[in-house]
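Participant: The lines below spell out each chain.
2 protein chains.
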Amino acid sequence: MPLPDRGIEYGDGLFETLLLHYGRPLFTELHMERMAHGLRALALPDCLEAARQQVDKAAGFAAQKHWPWSALRLSITRGPGPRGYAPPTQPKPRIIIYVSCLDRDCGQMDSAATLSVADIRLSDQPLLAHIKHLNRLEQVLAAAQTQAEAADECLMLDHTGHLISVAAGNLFLLRHGELLTPELVNCGVLGTRRRLIMETWGPSIGLNVREARLKLSDLESAEEVFYCNSLLTVRPVTRVGEQFWDSNSVCNALFQRYLEELQ
Amino acid sequence: MPLPDRGIEYGDGLFETLLLHYGRPLFTELHMERMAHGLRALALPDCLEAARQQVDKAAGFAAQKHWPWSALRLSITRGPGPRGYAPPTQPKPRIIIYVSCLDRDCGQMDSAATLSVADIRLSDQPLLAHIKHLNRLEQVLAAAQTQAEAADECLMLDHTGHLISVAAGNLFLLRHGELLTPELVNCGVLGTRRRLIMETWGPSIGLNVREARLKLSDLESAEEVFYCNSLLTVRPVTRVGEQFWDSNSVCNALFQRYLEELQ
Numbered sequence: 169m170p171l172p173d174r175g176i177e178y179g180d181g182l183f184e185t186l187l188l189h190y191g192r193p194l195f196t197e198l199h200m201e202r203m204a205h206g207l208r209a210l211a212l213p214d215c216l217e218a219a220r221q222q223v224d225k226a227a228g229f230a231a232q233k234h235w236p237w238s239a240l241r242l243s244i245t246r247g248p249g250p251r252g253y254a255p256p257t258q259p260k261p262r263i264i265i266y267v268s269c270l271d272r273d274c275g276q277m278d279s280a281a282t283l284s285v286a287d288i289r290l291s292d293q294p295l296l297a298h299i300k301h302l303n304r305l306e307q308v309l310a311a312a313q314t315q316a317e318a319a320d321e322c323l324m325l326d327h328t329g330h331l332i333s334v335a336a337g338n339l340f341l342l343r344h345g346e347l348l349t350p351e352l353v354n355c356g357v358l359g360t361r362r363r364l365i366m367e368t369w370g371p372s373i374g375l376n377v378r379e380a381r382l383k384l385s386d387l388e389s390a391e392e393v394f395y396c397n398s399l400l401t402v403r404p405v406t407r408v409g410e411q412f413w414d415s416n417s418v419c420n421a422l423f424q425r426y427l428e429e430l431q
Numbered sequence: 169m170p171l172p173d174r175g176i177e178y179g180d181g182l183f184e185t186l187l188l189h190y191g192r193p194l195f196t197e198l199h200m201e202r203m204a205h206g207l208r209a210l211a212l213p214d215c216l217e218a219a220r221q222q223v224d225k226a227a228g229f230a231a232q233k234h235w236p237w238s239a240l241r242l243s244i245t246r247g248p249g250p251r252g253y254a255p256p257t258q259p260k261p262r263i264i265i266y267v268s269c270l271d272r273d274c275g276q277m278d279s280a281a282t283l284s285v286a287d288i289r290l291s292d293q294p295l296l297a298h299i300k301h302l303n304r305l306e307q308v309l310a311a312a313q314t315q316a317e318a319a320d321e322c323l324m325l326d327h328t329g330h331l332i333s334v335a336a337g338n339l340f341l342l343r344h345g346e347l348l349t350p351e352l353v354n355c356g357v358l359g360t361r362r363r364l365i366m367e368t369w370g371p372s373i374g375l376n377v378r379e380a381r382l383k384l385s386d387l388e389s390a391e392e393v394f395y396c397n398s399l400l401t402v403r404p405v406t407r408v409g410e411q412f413w414d415s416n417s418v419c420n421a422l423f424q425r426y427l428e429e430l431q
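As you go down the protein sequences, you meet chains A and B in turn.
Using this note's numbering, read the first sequence as starting at 169 and increasing by one per residue.
Using this note's numbering, read the second sequence as starting at 169 and increasing by one per residue.
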């Protein structure tokens with residue numbers, strides 16, 4: 169990659185991770201809509217058409233390789249610029265794509281996960297919430313702790329102790345038959361699978377889905393807990409600290425909905 | 169630059185900007201101490217010796233070119249890693265250096281600056297405060313606003329409305345003959361020049377220097393306002409909104425102290 173680039177200098181850019189099934193990117197439009205939102209939030213030029221072409225090209229490569237499952241990372245940075253924080257007046261965004269074959273079978277739901285609770289709290293930054301920008305040190309530090317504690321994932325809270333998400337995905341819990349996900353106001357990423365579950369998949373299996381202000385203690389009354397992201401789709405949670413769950417019927421039903429979309 | 173690199177993926181790294189006078193880096197130890205602090209905070213391996221060698225080499229290049237003033241940017245990223253936020257267990261940090269000739273004469277104090285007030289607030293993140301990491305979108309958005317408002321720099325506040333810094337530097341104000349700088353607890357960078365002014369230069373010109381919780385309204389009683397960074401050293405502020413200052417005697421005295429160090 170040519171330097172300088174504001175992506176590496178300041179994390180000045182955005183990214184998406186797309187799941188590819190035999191080279192076919194899944195739910196591309198949801199990723200592109202979030203990317204469009206991010207481009208506006210960072211006042212980056214609309215370069216989505218060029219990004220889309222690059223995605224297609226990389227997807228073609230995965231198809232040629234007959235990779236059953238692969239992950240495509242699309243990054244858009246503000247590109248080169250003069251020294252200093254001020255963005256160039258005529259930015260030339262840089263599109264970076266890599267695609268890698270996945271070992272796991274994304275047509276099978278992953279085994280239930282054990283979650284730790286991240287020490288680091290997600291900071292409040294309404295102007296950068298929701299979008300998938302390249303400033304991810306909070307997630308990096310959380311994931312390092314998860315690794316050290318030999319958990320599969322971790323819960324992330326904000327400074328007031330409210331649940332926001334896991335490090336690499338969004339969180340859901342079933343309570344009194346209703347599906348709840350943390351309300352994301354000042355931090356947290358609006359996940360593509362979160363959106364699918366809220367708008368389509370959840371209602372289609374007869375569930376009421378809504379956002380709520382949730383605390384760690386709300387897990388006590390949860391009948392089922394799971395998280396979602398683009399590669400795992402949904403993954404049940406079996407344990408957080410001393411709390412255990414063995415039910416995953418809603419998570420399983422949502423995974424079946426995803427499998428239907430693969431047809 | 170070879171990819172993948174966690175610097176561009178997550179802003180997973182640190183940087184320093186050193187001022188070079190005829191190829192001689194100034195206050196290298198202060199930059200290296202902050203970098204060491206950052207490496208520990210991000211649990212990155214100690215690669216300072218290698219960084220130092222690269223800095224010397226780049227500085228030699230600037231010396232050969234007879235550049236009177238140049239800026240050296242040293243970045244250290246966590247280097248390559250597998251997909252996902254979790255850092256590799258055996259990271260191979262990447263050291264990136266570029267050095268560029270400066271047009272301006274850093275032996276002359278810059279003309280007094282006009283400051284805007286950034287709309288974006290610095291978010292509280294005690295685990296990432298003080299260090300100069302690569303997650304700088306808040307500063308980028310603030311600098312974009314400064315540019316749009318045709319100001320020279322901007323004041324940055326935290327979520328409680330307390331003064332923290334400018335986008336690219338630390339802030340000082342003189343009040344009742346005492347030099348005050350915002351206390352940095354949950355956000356803000358511990359600047360190398362801030363440290364010099366607090367520990368050495370300020371006391372050497374007979375000033376009491378201390379950290380304080382300051383609000384925008386505290387500017388009203390300030391006799392003098394200035395900011396500092398590695399390239400400008402110190403720069404007087406002439407205006408914030410409807411407030412004006414024409415005194416810069418302390419700022420000027422500190423700049424003279426810096427000129428003495430150049431000998």
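Mixed in with the good hints there might be a few duds.
[Said to hold, decoys possible] If you want the footprint, here are the derived chain B segments under chain A, 3+ residues with CB under 8 Å:
hint: 1; stretch: 213-227
hint: 2; stretch: 263-270
hint: 3; stretch: 322-333
hint: 4; stretch: 365-375
hint: 5; stretch: 409-416
[To be verified] Every beta carbon over 10 Å from chain B, so not counted as near; a handful from chain A, in silico:
hint: 6; residue: 170
hint: 7; residue: 174
hint: 8; residue: 177
hint: 9; residue: 268
hint: 10; residue: 289
hint: 11; residue: 296
hint: 12; residue: 366
hint: 13; residue: 388
Don't read these hints as lab results, they were simulated from the structure.
From the three backbone atoms N, C-alpha and C, an ideal C-beta is built for every residue, glycine too.
Participant: Look at each hint and say if it fits the structure.
Facilitator: Hints, one by one, checked against the model:
Counting residues of the stretch 213-227 of chain B whose CB lies closer than 8 Å to any CB of chain A gives 0, which falls below the minimum of 3, so the coverage claim is violated. Here the stretch 263-270 of chain B counts 3 residues with a CB under 8 Å from a CB of chain A, which clears the bar of 3, and the coverage holds. Look at the stretch 322-333 of chain B against chain A: 1 of its residues bring a Cβ nearer than 8 Å to a Cβ of that chain, fewer than three, so the hint is violated. Judged by the Cβ-Cβ criterion of 8 Å, the stretch 365-375 of chain B is not covered by chain A as claimed, because only 0 of its residues qualify and three are needed.
Residues of the stretch 409-416 of chain B lying with their CB closer than 8 Å to a CB of chain A number 0, which falls below the three-residue condition for coverage. The Cβ of residue 170/A does not lie farther than 10 Å from every Cβ of chain B; its closest approach is about 8 Å, which violates its non-interface assignment. The beta carbon of residue 174/A is not kept farther than 10 Å from every beta carbon of chain B, the shortest such distance being approximately 8 Å. Its closest Cβ contact with chain B, about 7 Å, brings residue 177/A to no more than 10 Å, contrary to its assignment away from the interface.
The claim that residue 268/A is not at the interface with chain B is violated, since a C-beta of that chain comes within 10 Å of its own (minimum 6 Å). Separation of residue 289/A from chain B is inadequate, the least Cβ-Cβ distance of about 8 Å not exceeding the 10 Å criterion. For residue 296/A, the shortest C-beta to C-beta distance to chain B comes to about 6 Å, within the 10 Å cut-off, and the non-interface label is violated. Listed as a non-interface residue, residue 366/A keeps its Cβ farther than 10 Å from every Cβ of chain B; the least gap is roughly 24 Å.
The Cβ of residue 388/A sits about 28 Å from the closest Cβ of chain B, beyond the 10 Å cut-off, so the non-interface label holds.
Hints 1, 3, 4, 5, 6, 7, 8, 9, 10 and 11 from the earlier list are contradicted by this structure; the remaining hints agree with it.
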